[in-house]
Each structure stands twice: as structure tokens, then as C-alpha cells.
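K.L.:
Let the sequences and hints guide you as you build the complete structure.
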Amino acid sequence: MSLRAKSFIKRTKKGNVIKVIKEHYLRDDIWCSSALCESCNHTDALLSATPRATESFRTPHYIVPDTNVFMNQIDIMEHPAIKDVIVLQTVREELRHLSMPIYNRVNAIVADKNKRFYAFSNEHHKETYIERMKDESPNDRNDRAIRVSVKWYANHLANGKKKAPITVVMLSDDRDNREKAKSAAIKCSSVRDYVADLTDSPELVDMVVSAKDASEAQAKADGKIEYEEHLSQVQIANGVKNGKFSQGTLNISGHNYLEATVMATVEGKQQNVYIVGRKNMNRSIQGDTVAIQVLPKSEWKKTASVAIEEDEDEATEMKAESENTDGMDVDNALPEMPTAKVVGIIRKKWRPYCGFISKKSIHGTEGSTSAQNVIFRAMDRRIPSIKIRTTQAHTLAGQRIVVAIDSWPTTSVLPLGHFVKTLGSSGDKETETEVLLLEHDVPFQEFSKRILEDLPAEGEDWVVLDKHVHNERRRDFRHLNVCSIDPPGCTDIDDALHVRALPNGNFEVGVHIADVTYFVKPGMPMDEEAAGRGTTVYLVDKRIDMLPSLLGTNLCSLRSNVERLAFSCIWEMNENAEIVNVDFTKSVIKSKFSFTYEEAQNRIDDDRMQDDVTKGIRTLNSFAKKLKQRRLEKGALTLASPEVRFNLENDSQDPVDVELKELKDTNALVEEFMLLANISVAERIYSKFPDSALLRRHPTPPDSNFEELRRALSEFNISLETSTSKELSDSLDRAVIPSDPYFNKMVRIMTTRCMLQAQYFSSGTEAEQDFRHYGLACPIYTHFTSPIRRYSDVMVHRLLEACIDADLTYGQELTDKMRMKELCDNLNFRNRMAQQAARSSVELYTNLFFRNKVVEEDGHVIRILRNGFVVLVQK
Amino acid sequence: MDVQILSPEAPSKSNSHKNQNAMDVDGGDVQLVMPGETITSDLQFMRGHGTYLDSESTVISSVAGVVERVNKLISVRALKARYTGEIGDIVVGRITEVAPKRWKVNVNGRQDAILMLSAISLPGGIQRRKNEEDELQMRKFFAEGDMVAAEVQAFFVDGAIGLHTRGHQFSKLRNGSLVVVPSALVQRCKSHFHLLPCGVHLVLGLNGYIWVSKPVIGNPESTDEADIERTYSNKNDIIDDAERESIARVCNCLRALARKFMHINDTIIIYTYEASLKYPVKDLLKKDVVDSITSEASHKLTME
Amino acid sequence: MSRLELLTPEGLRVDGRRPNELRKIIAKTSVLAQADGSAYIEQGNTKVLAAVYGPQEVRHRMQILHDRAIINVEFNVAPFSTSERKKRSKNDKYDNGIKLQTSQFPRSQIDIYLQVLQHDGGTLQACINAATMALIDAGIPMIDYVCASTAGCIDKQPVLDLNYLEESSDSPELTVAILPRTGKVNLMSMESRLHVDMLESVASLATEGCEQIHTILDAVVRDTTQHLKDSLMQ
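Residue numbers (the working numbering), protein chains in the order written: chain L, 1 to 875; chain G, 1 to 304; chain W, 1 to 234.
Check each hint, because a few of them may be wrong.
Some but not every residue of chain L turned toward chain W, in silico, with C-beta under 7 Å [stated by the list, open to error]:
id, residue
1, H24
2, N114
3, A119
4, S121
5, F477
6, L808
7, T809
Note that these hints are calculated values from the structure, not bench results.
Here a beta-carbon is modelled for each residue, glycine too, at the ideal position from N, C-alpha and C.
P.N.:
Right, here's the structure in full:
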């Protein structure tokens, strides 16, 4: 093995220039991993002995793609038809610098043994390592390194006693690189030419991302609109620095895909800036981080928003646009809104989109397989139509398909993309649900075998043993009258309660939470999977579990009359429901009853019931009321959001009725104690892990969020005070119109929409005064009570266990604040996605319900657009 | 766990193997050991310096060096180590401290050697008893920083070396320059005081300190008051340029020999000196010159 | 997530080593003329110079121990040693666990000066190894070599001899020093958190690294001693 010092000059963050010297070992024990090779010492060769041969390359061969092939054609590389690929280290390193998501996807392919992608460390191989030559750019050096490696492979595979001839083919879309390869007698091909030969998977041709030159030509042909060039990253960075530009995330209106807002600082105050029209949006897409330039005041927005459905005919679209941007009758009641245009995209948020092909754009006769350009519509209305080229236009019509954007040249009205895969026919409930899950990035595949292996070997027969009580210092609460109260049909019971009188006149109240962390240990594949999923997603007709159902609905679930492990939070309270003492412990419980809210309510109301359990519930209920009263006095908000429930027909799962969910006293009962437990736990874990406690906060919403609502309410002479949650709460209480009993509820619903999202965060990354939970009006909060369906609670359980058990050994996952932050970011994202997926699911079923049906109901108009309005129907 | 260590570069074992063979040819007796290496597990041997016994009475080396065996006693001599004296050794030292009735002398040992007031020749005759007046003017004889040639007389209980300077050849050293070499290089021989043919006087201290000087004029045998005065004089004689150059040349020859880790005695010094005459003094410590003069000298030595 | 990939899927580390490989070691003894013993070691790009003075008279009489020697260790990091020049922080003092037979030198003192010339991870191990060689070079009796090596844990995989990049990317680093003859452990030091399940495999990897280092150091010292002896015998 020989050593080479790598030395280069680097600029640090502070701007100092330093010289970095690194060791770089070159080895002679890196094998080629071909099953045919006899000179290498590798075991378990990854590359098969009989790789594919094609029309143009008749010798069986392995494929060596260059960096750009992975960058642009990753979908093809992921296709099952592509196997026996050599991924060079040079390529992987370049990918890592270019794009983390692609790099991760490549890593996932490499990890999949069936794909037979071999990661070859050419940079550390003695014979394939090359020094950068004088005046050679890093890119050229890397291209050369790729060619040298391909050459090495070709020679290596040709030499020695091989049972069959075998070779390698380099894939590159860079013509220059191919020329050079050809002159060095290296076999190479462009991706398009290569996949054209793979006759057994014709869809691959559709998936090829058009090379740049071709797409530009294509775009020119229909060049109706020409966008401004984006500024360079340096110009943007300078512009942002000197205040000329602002930076923010583009958020396209759900009602009008030609209108977007960006949260940016304009005239010294943080506010929504409108971006109106295609030209101003300048090829940016929902979620992109963009640099914007505020337009002169004369062009500021003075009109109400317009709802635009993207029409199939582009002409009307253009008309709508011109209407929108040209002067309209000015409504003086509205204050001027700043508008801006996008000058550059800082980070693209492109992803594969689900949608369908616009029928009108398909030409030719049924069954024709010639390639044609068609228009693709994403399900997400905020995404513009995408132009794709496909040979299977007719087969794809009426199907839900996935499409990725390749580029958006300045001369093309619409972005250009390529077909990725088909999901199924549209309108089908299964397909639509899958679309919905994909659109919200919800991982919904079955749990893999590796994950299921982490379940206890006893399976369903697992029981609580004496050792759990004795060896783990669990407290034995099996004799207590513990019961759970949940919605009907609930199988994953996370929480149970008990109360009993103490001799000193106080009461002991216990909240028992399923001890998920007993089964899910850090580092297990099951734990990693759960952390990735983040939360259980509830759709109308199904549930996407975070944990395998054996745990969620059985071993962890605190069902009645079964002994279960629990994590308990025990308070001593006086009769005014004030906490005297709090204690946390692992325990064993045996729940006596699993009530539904209704059953519990009936027991409270039924005076004939005088057994211990019922009395307990009554005590808890009275405590809960006191707790709630106190909370409301402190300024906690009671907001409302309409939750609907579908009655599904049993066989077809089609919705037959829709109703709003009812709330009973007992809902509040459980909620109060859960809040209390969460607060107690939050305080405890923060004291032990000041840097890495996982907490939940709800930021105070900025005043501007209430602007519209306040204006609407002023019509009714109702003022809205929003500076603290207490004031807001009080003014909500005053927002009553005697003639309309539903009015208050509606105001509350609308206030909910002004709120910011509550978030998980790691205590080390925020200042203590920012820990506040605005909605609950408490200084510190976390999630502890639903570990079966939320990963945050699993982490909190681990943190709490580390707090109460001094002997416990735990790894860095509990103390590393950066890792905790990454986890929180993921959980926040998953939560948001889960919420949206649930909402979309409701929407889907609402649409299904109202399909071909006319129902008359009363409703309230809550928002007026120029050509439409949003109605809230009460029922 | 199955762990296999692969070093980026295999340690060069072959070299030491070759040397071990060479050793056997040399005499079989010279064995090289490293710390922690077992010398013998034979119970009949006694352990000496540089070794220790472990729980099973195995004799193990504690230094890197050569094994020396005297009957049943096994010891290991480190090639580079501090000076450990033997009675009768001639040493050169530097006074570091004046203490009541004694001087502390740095002789390159593990601690400073001790020169008692009673162990020096006092003015007014060798046999004169010391008196309080002498105690009060000890600095008149030796002050801090003075160089002195002395003989090891005894060992104190704590291991410190006791010196004496009684005798005509022992005196305060002046007119010259000190060269420090590893003590192992200076071999015991009949005389450690040499007047080289080039007119330079040498005191080869067995502790590795070598005093190179212009010879002191006067009759060393005489015991008269004037000579005694001269013994403790701090004043250098006048040394002319030629003498200075000779002294410098001898010093550099010594340094060259030390650099090649060669034994130092009067003969090799003379040969080296002769070989060095081709070069100017200032070039003597250049690497190739060092190689050339020392190999020439050692060649001459083996020719004898 | 822009974290470096410290271990590639094919099992190579950032610099091309496998998890169980040491960096290249270059060692020399007797590099300084003034010191009684000295050594220089390069473990990869970590370069350490060690000088030993003594045993010699104790400089401050207050410190004299009547039954054994006192040992001073001074550890110094050159300001140019790291990739970015830093202001010198105050001297860290390591108790480097060297097993000396100090009782042989009552009333004396041994000074060990350690100078880190270049820092690329694993300073403590390099210092211990350099000090061991310098002490042997000075002819000071020792029970045995003290060989040190580090091992860490990246993605649940124990890795030997972390370099600076691996060290600074938040992976735990365990330094182990052993007496190779008996396999006794002199020192185990870790300043970060490591899951206890991993400790055993990491420690055993580090121990095997120590043994590997021992053969390298032993060859170097043996060569030097042989060379000195040959010169003397001429």
C-alpha cells in the first residue's frame, strides 16, 4: 500500500486561507467484484457473471455511468431493468457535492444487493488513482479518473482466464467525454442510445431526461413566453446582503396557481409579499427558496385574489393571466400589498409529482406508440403543468402517473419533465389513496422482515412476567382501578388513568402510558423505521402505522384485563386539583375497563352507578374541570376546527354519511390529564437535559396573521386583541352575535387558521423564553402520552427514563443536540405531512360522498375571491 | 470479534534478524534485548542491573542494551545512559552548589556527586587538617560553575557519588573547553590524562565529560605554595591562535567520534586528529567529513 | 445533512484505510544530541518529538522524594501544528501512564518534554509512544514498552487510529495504552460518550493496535541499539 499526501488550499468559514494536508492511501486490495474474475480475492462477487448484452454492445458488459448520468437520470438508474452497474468513488463524491438527495438515492441503490450496483473505490486503487495535472480543472480531472477506471476494468476483465468474454461500457451524456473515451478505445454510449436498445423495458425511453440541447430546441418551437434569466448565485448572495433582494420560500396559493406569496422583510417589516403572474414567478415552483426583488409601489397589489383552475386550454389561461395583471377596478377598501418578482432560485424543491395526462394534449390514434409531447397535470394544484414526451400516451391516459421535472428553460412556458411510473387508474380509491400518500411523502410500505424480527419472539403470547416487576424496578399497579377512555373503535390505547384517595385527604392521580420503549430500543431497525415515519397517519379508511401492529394494537396497547407494561406519571393532588408532588416510574398495570367517551360519560351521568371505577371517573372529571378552568384563566385558547367523521359502508368502504365529530366532557377529561402529564414531563427532562430535551412549542403568531380576520370582524364591530393568548381568548369569548349561534364557533375556526404550527425542537437550539406554548399558555410543553403513534413521545420516554434511572446507560442519541435537532426537523415535517394527508383524505372522501349528489345545507361564506368564494357548511 | 490488523507498511523485521545472526558469529555472548524482553527463565541466574524478575522468577530486561553475564549474575547495560560511577574512576565535573563542608558536582550522573571539603588538597600541604577558616572561604577553592577533575572515592547511602581531588593531577580545570559525549564511549584505561602530540592536554572523564585544554605550565610534582595557588586559580593563561585552533580541532574530533558512537581513547583521538588535518576546523562537523575522518581513524586502528 | 461520509459502503475510510488499519508509522530515536534520550514519531500526519532529560539532580529541593524519582512531563503543541493556526492554549498535562522503575533513582528527577509538531488526530497516543521510545533511548529502566493506540466507532463499526477528520466529526475516541508483554492496560481514556455495548470491541481493537505498534517500535529501537552496538564494537 502506498501513501500519497493530498494537499490543497482551503478557505475557512472565517475567511482565513489555510493549507490542508490529508493522507490518501492507495491500495492494491480493492477487487473488481465480478463473479467471473479469478485474479481478485473478493468473496461474494456482486456483479453477475452474465450481465446484459445489447444490440449495440454485443458482449455482455457492466455499466459505468458518469456523474451527470446519476444527476439527471437517477430514475432510470433506479429502474429494475438496470443492473450490474459499477459506481465509481469519484462519481459518488461528485454527487455528494452536487446533490445530497441524489447521493442518498444512489447509496440506497448500492445497498440493495438485488440491483447489483458495486461501489468501486477507484480513488484508493493503486492503478486507477490519478493526480490532477497542471492546468486541469477538477471536473476534467474527474472525467479523466472515470475514463481511467473504465479502461482499467476493461483491461482487467479482458485479462486472465475468464470463462466468458465480458467488458464494460461507460454511459455519459457529455459528448466531449465520449469523444475522449472513444479515442482511448473505451466503449461508451449516451443514456438515450443505450436504453433504446433495452427493448424489454420500453418505458425507459420515456424516462430519459432530455439532454439540454434537445430540450431547448423543443422549447423554442412553442416559445410564446420568454422568462428572464435567473441571476447567478453570487449576484443573489450580494443582492441579499445589500438589501436589494429578499429571500424566502415560495408559497403558491391553493386557489390560484399564478399567485404566490413569500414571507420577506419589506420596508423593515416581515410580511407576505405577493408574486403575481407567470413572468414574475419566473419558473419557480411551490416550495423553492427564491430571491425576490420588490416591485415599485405603482405595481403593488390592490385587488382581491382570483381563483383560477388551470384550464386545459392554454389560451384561456393566458387570458386569465392578463386579466389578472392588467389594471382592474380598484377596490379601495383593501390596503396595498407589496408585490415582487423572482430574480433567482436559491434552492429548488423539485420532486416527483403525481398527476395525470391532460386528455386534450394527446394526439394520434388509439394504440399509436410514436413519441409525442403531452401535458401532465399534477394533483397538487400549486404545481404548474409539465410537458413530457412519451410513447405510451394512450395507455397512460386516465391513469395516475408520477412525473419528475428535468428543466425549465427560459423559452418554455411550462417546465419539461419525464415519466417515472404508473400508479393505477384515476378515480380508483386505492390509487387515489396511494397518490395522496406519495404526494405527502408518507412512507407506507409494509414493515420489512428485518424490522419485524425486532418484535418479541413470543409474538401474541408475550406476557408480563415477574422478572419485569423485580428486575426492572417497575412498580406494581396491577391492583389499582385503572381504566382507559378512548374514541370508539380505538385499538391502539396509549393511555390509562386512575385515581384513589390517600389517607391524608389528598388524591393520587396516575396517568399510565404504554411503555413502547421497552420494545423499541435505540439502534434497532424498528427504531430507525419509526423515527423515519415519525407518526402514525390516520386516513379516513385506513391507518398507516408507525410501529408494527403487534406492538401498536396488542403488546403496547393498554387493553382492559390484560397485564401491560407502562410508564406512569403519578401526582399527589389536593382537592383543588393542585399538584403537591409528582413522580415518574416504570410500572405494570392491569386496566379494568376500556371505555369509549360515550360509555364513560354515561357512567358519570348515571346516578345509580356507585362503584369505585365510576366514582373515580367522577373525581377525575371534577379535577379535569378545575384544571381546565385554571388553564383558561391563564389564557389557554379554545379553538375549533371542524372534524368530520364518515360512516363507511362496510363492504365497499364507500362513504354513506358524513357528520361532524362531537365532543363530550370525557374528551376534555382525558385531554386535561394528558396535558398535565406532558407539562410535568417537559419540566423534568429539561432539568436533566438542558441542551437536548425534546420539547414542543407553539410560537406567538405575528400580528399580521390576524389582519384579514380583524378586518372582517370590524364589520360586526368586534375587535380582536392578539398580543397575548389571554387577550385573544377573552376577545374570542366576546365575539358573539346573539342572532347567530354558530358565529362564535366560526370565528374560532378562522382564528385557528391564523395560528402558526406548533413544532418540536431541541431545547439547546432555542432561547428559554421561546419555549412557550401559545395555544396552551404554558411556558414549557412536550409530547409524552402517545408513544404508539408519535415518535416524539418515544424519544421523550427515553429521556425521562434516563432522568429517573441513574444507572441507565444511554448513547449519544439523547445528548447530541444537533442530532436531536435533525430528528425534530424530520418529526415536524412528518407531522405536517401526516396532517395534510389526513386532510386530503377527508377531502377525497368528501368529494366521493358528494359525487353525483345534491344536498342542501346552510353555510357561511368565509372568504371572497374575485371569481369565487369559500363556504363553511355547518352541520 | 475477528480482528485482523493490517499495517500500512510491514515493520522491517528482516534487518534485525540479520543482526541477530551476526551477533552469534561475533561471539555468541553478546545478546541484544529490549525492555520487557525475557532474558532467561532459568532459576539459577541472579538478576543484576537493567533487569527485573516477574512473578514466575523470569529475568526480564528493563532497558534496551546488551546482556552481560558474570558467572551467575545477569545484567543488561544500556548503551546510552547516565553515568553510574565505580570507585577509582576519573571524572570531570562542574560545581553546581556550595554547601556546608561540601560541594555538589554535576558529573552527568543520576544525581549530583559530592566533593567533601575534607577530600581536597588544601593549601599548605596535603596532610593539613581543615579548619574553620577553610569552611568560610570554600568559594576560594571551588565556586559554582568551576570545572574540576576528580576521582570517585566512595558511594553514599542514597547512591550519591563521593569524589576527592587529592593528588597532583586533580585540580580546577582551565585554559580549555568541555566536550560532552555519551559516558559509555569513554573506556577505562591506565591513564585518563593525556598530552597529545599536537600539544593539547586531555582529561578523559569516564562520565563522558572531556576537558580539552592548553597544558598547565609548572611542575605538577611540586607541592609548593605557588603551585597550590595555581591549582585553584581562575585565570586562564595566554593562549595563542595556533593553540586555540588545536584545541578546537581536538574538540571537534571528539564530537565527530561521539556522533559515530565510537569508543574514545587517546590513540583514536590522535588518529582522528591526524586525519582531520586535511580539513579546516570549521568543516569538521559536516556529515561527510565526519564519516571520512572517523573511518580513516578506525581503519588505522584496526591496522595496528 | 452535509456530514462527511466517514465509511464508504465498500468499507473504506476517508483516507482509504480499512477500519482495522493503522496509519503509516515512521519512528526514530536519538534525534537530539543534547537530550539524554529523544525520539520522533509520525503516525500519519501526527508528528511528535519527545526529549528526555535525566535522571538528574532535582532542580527544586522541595520536590525531592527520598525513595524514588520525580517525573515532570511538559506537553506542548506547536502553534503551527493544526491546519489553522491558533493561539496557544494553556498547557495541558497528561498523566501518560508510563511505567518506570522510578525507585531505582531516589532523589532525582526525570524530565520529559513532548512537542506536537503537527496534529492530525491521536495526539495522546503518539505522545505516549514517543515518550516510551525516548525513555528507552535514555537508558531508563522500564517494565516494558508502553504502547498506545486509539480506536473509535463510526456507524457502529469500530475503527482503529482515528485521524483528525474522523476525530472531529463527533465520533467517540478511546485511547488505550498497554504493556505488550503482559497485556496489562495502563491507560484508557475517552472524552466523549460511547455506548457501553461497543466499548469491548473498541477496546479490543485498540489493544490489538497497541500490539501492532509495539512490533513497529521494537523494530526501530532494536535497529538503533544494534547500530550503536556495532559502532562500539568496531
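K.L.:
Hold the hint about L/F477 up to the distance rule: shortest CB distance to chain W must be less than 7 Å.
P.N.:
Violated. Min distance 30 Å.
K.L.:
Was the hint right that L/L808 lines chain W, CB cutoff 7 Å?
P.N.:
Since chain W brings no Cβ nearer than about 10 Å to L/L808, farther than 7 Å, the hint is violated.
K.L.:
Under 7 Å, Cβ to Cβ, is where L/A119 needs to be relative to chain W, so tell me if that hint holds or is violated.
P.N.:
Hint holds; L/A119 Cβ to chain W Cβ min 5 Å, cut 7 Å.
K.L.:
Under 7 Å is the threshold here; is the Cβ of L/S121 close enough to any Cβ of chain W for the hint to stand?
P.N.:
Holds - the Cβ of L/S121 comes within 7 Å of chain W, reaching about 5 Å at its closest.
K.L.:
Given a cut of 7 Å on the nearest C-beta pair, is the interface hint for L/H24 held or broken against chain W?
P.N.:
6 Å, holds
K.L.:
The hint names L/N114 as touching chain W; please verify it with the least Cβ-Cβ distance against 7 Å.
P.N.:
Hint violated; L/N114 Cβ to chain W Cβ min 15 Å, cut 7 Å.
K.L.:
At a threshold of 7 Å, is the proposed contact between L/T809 and chain W supported by beta-carbon distances?
P.N.:
5 Å, holds
Violated hints for the displayed structure, listed by number in ascending order: 2, 5 and 6.
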